[in-house]
Amino acid sequence: MNAASTPAIEVAGLVKRFGAVTALDGLDLRVEQGQVMGFLGPNGSGKSTTIRILLGIARADAGAARLLGGDPWREAVELHRRIAYVPGDVNLWPNLTGGQAIDILSRLRGGVDRTRRDELVERFDLDPGKKARTYSKGNRQKVALVAALASDAELLILDEPTSGLDPLMEGVFTDVVRELAHQGRSVLLSSHIFAEVEKLCDSVTIIRAGRTVEAGTLADLRHLHRTSVSVVLPGGAGTLARRADLHDLAVDGERVSFTVDDAELGGVLADLAARSPRSLVSTPPSLEELFLRHYGVELPATDDAAGAAVASKASAS
Amino acid sequence: MTALAPAPSRPTPATPGHTPPVAAFTAFPDLTRFVLRRNWLRLAIWVIVLVGMVAMVYESQRVAFPTQESRDAYAAVANTPAVAALTGLPYGAGTLGGILNIKIWMTLAVSIGFASIFLLTRNGRAEEENGRTELIRAGAVGHHAYSLANQLVVGGLSVAIGLLIGLTCIGLGLPAEGSLAMGASIAGVGIAFLGIAALAGQLTSTSRAANSLASIVLGVSYLVRAIADVQAEGDTPSPLSWASPIGWAQNMRSFGENVWWPLLLLVGLGIGGCLVAGVIESRRDVGAGVLPDRPGPARATGSLASVLGLAVRLERGPMIGWLLGGLAGGLFYGGVASAMSDLLDSGNAYAKAFMGQADSVLDGIVGLFVMATAMVAAAFAVQSATSVRLEEASGRLEPQLAGAVSRTRWALTHYLVAAGWGIVILVASGLVFGLAFAASQSDPDQVPRILAASTAYIPSLLVLVGVTVLLTGWLPHQAILVSWIVYGASVIIAMFGPLFSLPDEVIDATPLAATPRVPGVELQAMPLVVLSLVALAFWALGLLRFRARDLTQA
Ligand SMILES: Nc1ncnc2c1ncn2[C@@H]1O[C@H](COP(=O)(O)OP(=O)(O)O)[C@@H](O)[C@H]1O
Ligand SMILES: [Mg+2]
Numbered sequence: 055m056n057a058a059s060t061p062a063i064e065v066a067g068l069v070k071r072f073g074a075v076t077a078l079d080g081l082d083l084r085v086e087q088g089q090v091m092g093f094l095g096p097n098g099s100g101k102s103t104t105i106r107i108l109l110g111i112a113r114a115d116a117g118a119a120r121l122l123g124g125d126p127w128r129e130a131v132e133l134h135r136r137i138a139y140v141p142g143d144v145n146l147w148p149n150l151t152g153g154q155a156i157d158i159l160s161r162l163r164g165g166v167d168r169t170r171r172d173e174l175v176e177r178f179d180l181d182p183g184k185k186a187r188t189y190s191k192g193n194r195q196k197v198a199l200v201a202a203l204a205s206d207a208e209l210l211i212l213d214e215p216t217s218g219l220d221p222l223m224e225g226v227f228t229d230v231v232r233e234l235a236h237q238g239r240s241v242l243l244s245s246h247i248f249a250e251v252e253k254l255c256d257s258v259t260i261i262r263a264g265r266t267v268e269a270g271t272l273a274d275l276r277h278l279h280r281t282s283v284s285v286v287l288p289g290g291a292g293t294l295a296r297r298a299d300l301h302d303l304a305v306d307g308e309r310v311s312f313t314v315d316d317a318e319l320g321g322v323l324a325d326l327a328a329r330s331p332r333s334l335v336s337t338p339p340s341l342e343e344l345f346l347r348h349y350g351v352e353l354p355a356t357d358d359a360a361g362a363a364v365a366s367k368a369s370a371s
Numbered sequence: 211m212t213a214l215a216p217a218p219s220r221p222t223p224a225t226p227g228h229t230p231p232v233a234a235f236t237a238f239p240d241l242t243r244f245v246l247r248r249n250w251l252r253l254a255i256w257v258i259v260l261v262g263m264v265a266m267v268y269e270s271q272r273v274a275f276p277t278q279e280s281r282d283a284y285a286a287v288a289n290t291p292a293v294a295a296l297t298g299l300p301y302g303a304g305t306l307g308g309i310l311n312i313k314i315w316m317t318l319a320v321s322i323g324f325a326s327i328f329l330l331t332r333n334g335r336a337e338e339e340n341g342r343t344e345l346i347r348a349g350a351v352g353h354h355a356y357s358l359a360n361q362l363v364v365g366g367l368s369v370a371i372g373l374l375i376g377l378t379c380i381g382l383g384l385p386a387e388g389s390l391a392m393g394a395s396i397a398g399v400g401i402a403f404l405g406i407a408a409l410a411g412q413l414t415s416t417s418r419a420a421n422s423l424a425s426i427v428l429g430v431s432y433l434v435r436a437i438a439d440v441q442a443e444g445d446t447p448s449p450l451s452w453a454s455p456i457g458w459a460q461n462m463r464s465f466g467e468n469v470w471w472p473l474l475l476l477v478g479l480g481i482g483g484c485l486v487a488g489v490i491e492s493r494r495d496v497g498a499g500v501l502p503d504r505p506g507p508a509r510a511t512g513s514l515a516s517v518l519g520l521a522v523r524l525e526r527g528p529m530i531g532w533l534l535g536g537l538a539g540g541l542f543y544g545g546v547a548s549a550m551s552d553l554l555d556s557g558n559a560y561a562k563a564f565m566g567q568a569d570s571v572l573d574g575i576v577g578l579f580v581m582a583t584a585m586v587a588a589a590f591a592v593q594s595a596t597s598v599r600l601e602e603a604s605g606r607l608e609p610q611l612a613g614a615v616s617r618t619r620w621a622l623t624h625y626l627v628a629a630g631w632g633i634v635i636l637v638a639s640g641l642v643f644g645l646a647f648a649a650s651q652s653d654p655d656q657v658p659r660i661l662a663a664s665t666a667y668i669p670s671l672l673v674l675v676g677v678t679v680l681l682t683g684w685l686p687h688q689a690i691l692v693s694w695i696v697y698g699a700s701v702i703i704a705m706f707g708p709l710f711s712l713p714d715e716v717i718d719a720t721p722l723a724a725t726p727r728v729p730g731v732e733l734q735a736m737p738l739v740v741l742s743l744v745a746l747a748f749w750a751l752g753l754l755r756f757r758a759r760d761l762t763q764a
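Chains A and B, in that order, are what the protein sequence lines are. So for the first sequence, my numbering puts the first residue at 55; every next one is plus one. So for the second sequence, my numbering puts the first residue at 211; every next one is plus one.
Isolated chain B, as found in the complex:
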């Protein structure tokens, strides 16, 4: 009774075949235009922010070091382990170009790395995850055309930013070769992480996992080069520097010796990553990752079937990942701070200026490092808080609320998980930092001091989460993007505010900079009280609006 289809006359086994090279890229120009149209605003923002930062920092440094004597004086003291660890091994500090490098290069490199990762994933794995790639690929579109369009646009962003940075520096009167080397080294980092993001997008099957995987590679690259820079001999980094793509770009030494060949490594990693990604892509199904989805339990346990249980389960991976990241950071800073305590001369005028109003330079550095761990904790908290909007935008929230759950309780639970676990990360990394530092100094009193310094950032963290709460309530469609812009601006202003010649009132009005940098300065109650009140207001206003407004999907 079963009528089978007759065997085809020329059966073709379904083994991986080879797409003719040209057909693999059919519709590439249309798709490139399409990717540009969907992303032009984001691309423009990255260009303006990164290139603008160079011009602003240059101007402030020109004012700060107007004479050659002032620059020579700075050069004599610039090479401290703290600077080396955070922003890269200083060299050529006697020139304005060298100073510009010290102040802004690392920030640009890390930012452009993130730009590549987030943009490539947004147009790549994220589109595949929500099924739109399937719609595109059902057209007369080559297997690789869409991926190549995406890679070309994101790679183009790096090239454009690098070129504009180079031209800006030349325009500001800096030496041409150094200017171009600086632009090229930044562009190189962007291209290298484009390759890494392309690979991450093939290995994982969700955009979140792709972003996390590539960001972890970026974080490890940063740490590896930080260790290499701290272990430098004079102004030559340890060979370990070559184990990190960021290290490769640093070794181009723009405004120093201007070494060009590491650019080949960076571009090679970018192109190599994209090629391997292309090979994987031609062997797998649209929508799938390399690893198949594993089956899970057929039933939800009692705790999972509650608002809190579900919120924790959905965030479980990031919660563990960010905690480990925070602990590693604490340990690392503890080690660096100890290494520095022997080297530091508290009469070092520049270091003093860089470290704020701290009496002891070492305390100032400890305060800076504590702030860095607070940034990690806050990054988790903000990411986790945006899950409220993500659940709403994806339409997954509606069926949950159709159950007997109040909107306010549902949202508050998610926000509390975000803030609560952010505080756990903050305190745990402060504790590890304190223990590592105390052990090396044989001074147990360091533990409570550093722990107190960490704890002081709790109100800041609540304000940053509060920004997301407020935006999710009032500006749902822009909430996630603007949350990250506010976070990024807070981080940059807290780290570099004085470099941009911003007035103190402005700097102190941002959440991270507002917290007193204990132990370098005294712990005052006033800023913490103000921050707490602001946080309370943001949370309350955001939740009230979230309760009152319509739910809207993406």
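Next comes chain A alone, as it looks inside the complex:
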């Protein structure tokens, strides 16, 4: 089979019920080889359930799921040699040390690269000689992260992997995942931390109540949405307020801000140019905005939001 064309993850119409609760209701998800996919959704939307089905430790009621081209349930053993997994809530054996736990988990995947393991233990600043019962949540998380990131897995499945890590360690995590992505590994990163996903992922899938509501590259998604514009016009808003294609218009003396559908952006900019603006900042929608829009919350287009988004524009473009 042609390995390059087989998606790392391919899920279509996945349904999972727990008694009366429908956790997944026709979910779709596709991760190409080498892709770093953000998997976003509010609490209880079905991220962990999807991942558990992909790991072959839970069974779907309907729909199709393929992992690296294989059946997650039937071919679990061979597939698990090629993947690594980090759960969001790591529970370790209280009377084994963190180092022992790393080795056990790595061996069950199929072997440990000692140098790589030691390097990561160092980078994550973990004391591997302590009993797991003395670890904080963040330290338990590091154990699972080291075991997974030290592996030679083609695909990393990370379920809210940074919960409990301090910002410094989050930075280390980001660096390591970037390095792995450069090596061409695929990553599925479930998260609710937008900054993390924006930093690491080239694509995102947003789910809600067990269904996919949005999927694509970050750039595409932004394109489908409104850009926020913040502009200083010496003459004030004037007739601008009458344009039907501006949304969320806010006028504060000379300062005018609004959002505009990307399709209308050209016309609006021509209009603005005629009014000789003194400054103009246009910001693509942040992931957070995209996300919240799906859940019925609109962010006010304040100066704060625009200011904060300047940086993200710089890094995104």
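Keep in mind that the hints were calculated from the coordinates and are not lab data. Treat the hints with care, as some may be off.
Sample of chain B residues lacking proximity to chain A, with all beta carbon distances greater than 10 Å (derived) [what the hints assert, rightly or not]:
{"#": "1", "residue": "Leu345"}
{"#": "2", "residue": "Leu450"}
{"#": "3", "residue": "Trp470"}
{"#": "4", "residue": "Gly488"}
{"#": "5", "residue": "Met529"}
Each pair of labels, with its calculated beta carbon distance range [claimed, not checked]:
{"#": "6", "chain 1": "A", "residue 1": "Ser59", "chain 2": "B", "residue 2": "Leu246", "range": "53 to 63 Å"}
{"#": "7", "chain 1": "B", "residue 1": "Ile258", "chain 2": "A", "residue 2": "Ala249", "range": "51 to 61 Å"}
{"#": "8", "chain 1": "A", "residue 1": "Lys184", "chain 2": "B", "residue 2": "Pro505", "range": "33 to 43 Å"}
Using N, Cα and C, we set each Cβ at its ideal position, and we do this for glycine too.
Given the coordinates of chain A, assemble chain B with the ligands onto it according to the supplied hints.
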């Protein structure tokens, strides 16, 4: 605007597939080593205690019945309904092997049954419940590899204990075939309950429920065979005996006729249980039981949102279960005691010795049965008292204490629920026992007598809970294990202390044996006062330390 993933080229419906047989067990050797490493100490303790018990009891019986005449005299009187009900139908009492069987076989069988249940659940359902199985199964690990490793280690324990018991008996000079049959019958019970525990671990979704379900099956098996043994004709039990796995093993009649084929039934139940468990396992999600979790109320009622209300709610299932168990036990003992009153000859020398200093053999037996109900009540109380450590170890205690609740009040509430409900079970089963016995004897005076005998165990029960209070305060990490060791030792010494040739002072220094066995002996105040003071000291010291020390999670 929604970009759907294109349908996969070769969609596979997510119906139960069949794992290739070999892949289902990938990583089995690694996992077996892992289970051994996590459990070697527990395994060693079970082996040493059970095999050691055989050697000790044999020695004491050899001394007690040194000549063939003494054994023949014993054989003439050994078959009493009390012995049959508690320790199994006696046979072959004219030989040392037969006597060894009468004295220790049932204890070994029940113990090894519990060993299988607790160990299998500890490594099975408990690991799944706390999410570690998920971590393991995410590795290149076959669907059944971990369960099989667990079953193999626990089954191996039974085989090892059975083999060592057989070899020990041979080493002590007992007939080889009987020795091996005894070891095999004990191992068989362990393997049978391994199968039952494996099933229980698949049906339920918590370790507590799995342990309870399998223990109930063990308890019912014990009762069924007790009824069968009481209804025996001579030394042949009633056919009902075949309805209980413990009965199957008894019917191997080690040191008697040495019948081997029931071993097939026992091993068959063990393997069959594991196979069915494997089938269920391959059809369900990791972490789930067979029954889905049902939704509950979205709000806590006022009473639930209090320390006492929560303590009672968390213990509700065991409280009801153990009370029903205690009542059933009381009823059963009432019936057995009545059945015996006609048969018993108070001149029966052996029975007299077995029943302590009671003037009337019947009273001695009633005292023994009351103690048995006290053991049930105390088992509930200890289990319930360990919930304090469980709440602490799981990290659930910290957020509770972050509310406006004092540590001492929180812990004391839990301990009082444990002890209070233990006393309810004690008194209720004593009452039912008394009523059943009084009705059959047409003697209403039996009710207050037996009730008084039950009530006398309240201080013992408070001491046993006190042990848990003390340990939870001072030795939190070992508290639960050591609590059960102390409880188990108290039970074994109270039942069999004289068999181990232990000095009276030692026997009377254990909580259950210290209580006077009313109505066979007079109710003295002194031991009860001492027990109460000891209980008070344990509770106070334990609570003081619990208030002063750091909380530590598992
Ligand atoms: N074992 C289970 N039994 C019943 N309901 C469950 C179970 N596991 C998950 N759920 C339900 O499925 C839904 C999705 O949960 P999950 O996948 O854990 O969400 P997420 O990881 O996105 O927060 C939730 O409504 C959750 O309550
Ligand atoms: Mg989750």
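Verification of the hints:
Separation of leucine 345 of chain B from chain A is inadequate, the least Cβ-Cβ distance of about 6 Å not exceeding the 10 Å criterion. The claim that leucine 450 of chain B is not at the interface with chain A holds, since no C-beta of that chain comes within 10 Å of its own (minimum 39 Å). Tryptophan 470 of chain B, annotated as away from the interface, keeps every beta carbon of chain A farther than 10 Å; the closest lies near 40 Å. Against the 10 Å criterion, glycine 488 of chain B stays outside the reach of chain A, whose nearest CB is about 15 Å from its own CB.
Non-interface call for methionine 529 of chain B relative to chain A: holds, since the shortest CB-CB distance, roughly 26 Å, exceeds 10 Å. Taking 53 to 63 Å as the suggested C-beta distance range, the pair serine 59 of chain A and leucine 246 of chain B does not conform, at roughly 45 Å. Evaluation of the 51 to 61 Å hint for isoleucine 258 of chain B and alanine 249 of chain A yields a pass: the beta carbon distance comes to about 58 Å. About 40 Å separates the C-beta atoms of lysine 184 of chain A and proline 505 of chain B, a value consistent with the hinted range of 33 to 43 Å.
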